[in-house]
Amino acid sequence: MTVMKESVSKTLSSDLYGLIKSDIINGRFAPGDKLRTEVLRTLYQVGNSPLREALTRLAATGLINQENQRGFRIPPVSSADLQDICACRMQIEVAALQRAIEKGDDRWEADLLGAFHRLKKSQQNAQVGTAHWEKRHSEFHRALISECASPTYLRFCAILHDQFDRYRRLAPSDDNIRAQLDSQHLQIMELALARKADAAGELLAEHIQLSAASAFKLFA
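Per the working numbering, the sequence shown starts with residue 45, numbered consecutively.
It is possible that some hints are incorrect.
[To be verified] Ranges between beta-carbon positions, derived for each pair:
1. E234 to T100: 15 to 21 Å
2. Q168 to D77: 46 to 52 Å
3. R239 to P216: 36 to 42 Å
4. L87 to E250: 21 to 27 Å
5. E82 to D149: 20 to 26 Å
[Stated by the list, open to error] Here are the simulated DSBU-like cross-link-like pairs (lysine-lysine), alpha carbons at most 30 Å apart as the crow flies:
6. K164 to K78
7. K164 to K65
8. K165 to K179
9. K179 to K261
10. K164 to K261
11. K164 to K147
12. K165 to K147
13. K179 to K65
14. K65 to K261
15. K164 to K240
16. K65 to K78
17. K164 to K179
18. K261 to K147
19. K147 to K179
20. K179 to K78
21. K240 to K78
22. K147 to K78
23. K78 to K165
24. K165 to K240
If you are wondering where the hints come from, they were derived from the structure by calculation, not from laboratory data. Here a beta-carbon is modelled for each residue, glycine too, at the ideal position from N, C-alpha and C.
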């Protein structure tokens, strides 16, 4: 395979990975669904090789289960699994935030302010839609921890955030909780910029627990 073909193949696989991941998180596939490669090839208009590569990568993140000799399946959901994801997220994301507060420079502060500004605009503009808010929300949380100086923390935070979002988007929305979460974004940012690592970490943990309260409605 030429260098150009290898580059095109990697790009296709990466794009496909992002598309399938987005569809899983947004609930296009139901918990427990078997992912039939022949159906996915038609759905995404791709060949078998990039499809299997994308599915294997997603299995490594926990968004897909890879079954021995039986293909791939969307993981089931359970309150115990959600609780485990939340507990891990609180430990790892809080630690990452506190490291970022310690190590972040002026550029980190500017990036965080910019991410919050874009998130706030998406909250105030009813025309942008949920997908746009979700994008800005993820960008804000990434900006909070971006300067933690640990690729491992960042990688696990991203995995846990995606797994948590799958539950949150499957659950019925709660406008009261959403309003409280939006208010906490400002408070967390202000504490981070003031370099109050302990207080920011405590509020982020509360923020994750509050968001989880909405997600747990899936099992009510």
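Can you list which hints this structure breaks, lowest number first?
Checked against the structure, the hints that fail are numbers 1, 2, 4, 5, 6, 18, 21, 22, 23, while the rest are satisfied.
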